[in-house]
Amino acid sequence: MQNVNILIVGVGGQGSLLTSRVLGSLSSRLGYDVKVSEVHGMAQRGGSVVTHVRFGEKIYSPLIEEGKADIILAFEKMEGLRWLHYLKEDGMLIVNDQAIKPMPVVTGAAEYPDNILNRLNDAVSKVFVINALEMAKELGNIRVSNTVLLGVLAQNMDIEKQLWKDTLSGIVPKKTIEINLEAFERGYNIRV
Amino acid sequence: MRELMLGNQAVARGAYEAGVAVATAYPGTPSTEITEFIAKYDEIYTEWSPNEKVALEVAIGASMAGGRAIVSMKHVGLNVAADPLFTVSYTGITGGLVIVVADDPGMHSSQNEQDSRFYARAAHIPMLEPADSQEAKAYIKLAFELSEKYDTPFIVRLTTRVSHSQSMVEIDKPQPISIKEYEKRPQKNVMMPAMAKARHIVVEQRMKDIAQDSCRFEINEIQEGDPKVGIIASGIVYQYAREVFPKASFLKLGMVHPLPKDLILEFASQVDKLYVLEELEPIMEEQIRSWGIQVIGKDLFSVQGEYTANMLERAIKGTDIDVRVAEELPNRPPVLCPGCPHRAVFYNLKKMKIMATGDIGCYTLGALSPLEAIDTCVCMGASIGMAHGFEKARGRNFSKKMVGVIGDSTFIHSGIGGLIDVVYNKGISTILILDNSITAMTGHQDNPATGLTIKGEIAPALDLVALVKAIGIDNVQVVDPFNLMESEAILKEETQRDEPSVIIYKRPCALLDKRQASPLMINKEKCTSCGLCLRLGCPAIQKQDDAMFIDDSLCNGCGLCKQVCRFNAMERVD
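Chains D and L, in that order, give the protein sequences. Quick note on the working numbering: the first sequence kicks off at 373 and runs consecutively. Quick note on the working numbering: the second sequence kicks off at 400 and runs consecutively.
Just so you know, these hints were derived from the structure itself, not from any lab. These numbers come from a predicted model, not from an experiment. Do not rely on the hints blindly, as some may be mistaken.
In silico DSBU-like links for lysine-lysine, alpha-carbon gap of 35 angstroms or less [as the list claims (entries may be wrong)]:
(1) D:K430 with L:K672
(2) D:K537 with L:K439
(3) L:K672 with D:K460
(4) D:K430 with L:K942
(5) D:K460 with L:K716
(6) L:K627 with L:K660
Per the computed footprint, the stretches of chain L lying under chain D, defined by three or more beta-carbons under 8 angstroms from a beta-carbon of chain D, are [unchecked claim]:
(7) 417 to 431
(8) 704 to 712
(9) 766 to 779
(10) 957 to 970
Where a beta carbon is used, it is the ideal one built from N, C-alpha and C, also for glycine.
Please take these sequences and the hints and turn them into a complete structure.
Now the structure itself:
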């Protein structure tokens with residue numbers, strides 16, 4: 373098997389840690405070598421954050437190089453565009469249709485680009501645009517939007533569905549297992 | 400059993416398996432989690448010390464008392480601990496002593512990117528450098544063994560990418576904690592000139608012995624491959640190089656000081672072209688070159704920032720790697736959180752045109768637009784001494800239009816000395832202590848003022864008001880930063896004084912304060928789009944199509960914008 377490279381990007385505080393923990397746990401359960409690289413410290417305070425997940429027979433570097441990501445999972449759409457050069461030629465992009473304005477935009481020093489989804493669609497052949505926040509609101513908890521995205525990711529990977537659900541249940545707080553599984557199903561069943 | 404572990408967690412596991420008795424630290428990215436994980440082992444006494452110097456001194460004491468001790472810090476923390484570091488090299492140890500230092504190439508969360516390997520050389524202390532979590536655990540255990548074998552402290556150097564990446568770790572059984580007999584040994588443990596002279600001879604011989612023996616250490620390993628390209632590397636750079644050159648010959652160094660000279664000479668003789676790949680300073684390269692060996696290193700790479708696998712491929716293979724062009728997009732710098740109490744202080748400072756020397760913590764973000772209230776940031780504790788320096792250079796009238804801004808934990812770490820200096824040398828500085836009841840930037844660690852230890856036990860809480868008064872500051876006021884009017888009046892009063900003063904801004908970190916206030920919304924009828932609320936730099940307040948709106952998923956309900964708005968347009972959502 374070829375090594376699998378998944379880049380998770382978003383804004384500090386969006387909770388990308390859950391996704392990388394599920395992926396890490398899942399791939400080690402499957403017996404793969406796995407490395408996950410995270411961001412801690414200053415950038416977590418609302419900055420642009422990136423998590424690298426790599427698994428396969430033997431992984432040396434914990435980082436995905438530019439042009440080598442098989443999948444980019446973007447929790448925020450401008451961040452999807454920012455890290456797009458990490459995606460390989462025929463890679464897949466899963467992007468949350470949410471805009472979080474960075475401070476230079478809030479203060480008027482810069483403008484939030486208005487045609488991001490078009491630019492992503494033009495640049496990448498496999499793009500999934502998901503309104504995860506809306507779905508999470510429908511489920512009654514905006515915090516599970518990342519689990520909706522995890523469902524979309526799972527649907528696009530060659531790993532048994534039940535294994536995803538078992539791993540997810542083992543990682544989220546007990547009280548939230550049910551709503552997380554619901555959110556996962558919502559994402560998993562999206563047909564694009 | 401195997402487990403996926405953060406590098407820092409693996410260091411903690413290594414300490415546990417090595418039978419460590421005492422663990423100390425001051426938090427600092429990227430080293431913080433090491434000690435948080437160690438604290439989970441009931442068997443190990445663990446503490447947050449007030450600063451890295453104290454942390455190392457406690458560890459030295461524990462070691463001399465006969466137990467194994469570990470102390471952890473970030474690279475700049477080792478500057479603070481440098482004084483005891485250089486002399487514990489002379490005394491050596493009784494129980495094994497390991498100093499873990501985490502460097503931050505690329506400055507993900509630091510004010511400089513100094514290379515801690517210089518300290519190993521300067522202080523004559525051996526240094527190991529692991530390349531992943533498994534090695535992090537193994538090297539900690541090995542460092543304790545070697546520390547006791549050679550009677551020297553050991554440094555284990557990490558970098559951000561090793562500290563903050565997870566990889567698989569084999570779990571082993573811990574060895575029990577054992578404390579050696581205490582024995583009075585003044586010749587070894589009292590470093591006065593006569594004894595220190597004798598110990599310096601021991602240190603020199605010890606380092607020669609280790610350099611010789613390290614040629615046979617398993618962690619320094621020749622991995623035979625294509626002899627055309629030979630690569631010497633350690634730590635994370637070894638992993639990058641392995642990705643790019645799967646077939647090359649490698650000399651992987653687990654010990655980066657002292658270098659195994661004979662082993663390196665042997666490797667050099669086996670390969671046609673020799674590369675030394677190391678982030679930051681050319682420390683190995685210069686030593687190897689001084690032995691008359693031709694190597695390629697920093698002529699291809701910069702001393703700035705991190706290496707990447709693509710960078711190595713481009714520079715060494717000379718190949719072009721075809722990747723998409725990175726987009727030009729608005730930056731997304733880190734920001735003060737919605738509801739952050741610091742924001743209120745900076746808003747007032749800017750409004751009143753008061754200049755501020757700054758310090759290290761979340762509040763350093765007050766330097767960024769739109770608040771732009773902080774003019775300087777150098778090191779832990781510097782805000783106070785620097786404010787005093789501004790006064791002595793520019794005079795009292797200037798000092799009345801400025802303040803020093805420092806957090807609670809940073810003040811305890813190394814601001815106290817600065818404040819003593821202000822009083823002693825008749826300064827009139829006004830110092831703002833932003834007391835948010837936690838060490839926030841590094842991820843919420845307790846400190847001497849919070850009333851809790853790292854293990855969550857109740858501890859005597861340092862009384863900042865009493866401390867400041869004891870130093871000789873007669874004018875101390877405590878204010879809630881969210882009371883903007885009162886805060887403004889107090890700022891005016893204290894900065895105008897011909898005496899030094901301290902204002903303690905007391906309100907818990909927004910991420911700590913779980914009281915849920917309902918979010919605010921903007922009444923569009925009343926809002927004139929004047930944009931004053933945007934000057935708060937709150938991520939929840941945004942401008943859309945020339946109208947202000949509040950993102951209720953971000954708003955924490957602090958109500959600061961309600962105080963600022965002149966048209967009463969901010970209303971609470973019920």
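Each hint tested on the structure:
A distance of roughly 27 angstroms separates the Cα atoms of K430 (chain D) and K672 (chain L); the hinted pair therefore holds under the 35 angstroms criterion. Taking the CA atoms of K537 (chain D) and K439 (chain L), the gap is about 29 angstroms. The hint holds against a cut of 35 angstroms. Taken as a hint, the K672 (chain L) and K460 (chain D) pair is honoured in the structure, with Cα atoms around 32 angstroms apart against an allowance of 35 angstroms. For the proposed pair K430 (chain D) and K942 (chain L), the alpha carbon gap of about 48 angstroms is over 35 angstroms, so the pair is violated.
With a CA separation close to 20 angstroms, the supplied pair K460 (chain D) and K716 (chain L) stays within the 35 angstroms bound. Only pairs whose Cα atoms come within 35 angstroms are accepted, and K627 (chain L) paired with K660 (chain L) is accepted, the gap being roughly 21 angstroms. Look at the region 417 to 431 of chain L against chain D: 3 of its residues bring a Cβ nearer than 8 angstroms to a Cβ of that chain, three or more, so the hint holds. Given a C-beta distance limit of less than 8 angstroms, the hint that chain D covers the region 704 to 712 of chain L holds, as 3 residues qualify and 3 suffice.
For the region 766 to 779 of chain L, the stated coverage by chain D holds: 3 residues have a C-beta nearer than 8 angstroms to a C-beta of that chain, and at least 3 were required. Only residues whose beta carbon comes within less than 8 angstroms of a beta carbon in chain D count, and the region 957 to 970 of chain L has 0; fewer than three means the coverage is violated.
Figure legend: structure checked against the earlier numbered hints; hints not met, in rising order: 4 and 10.
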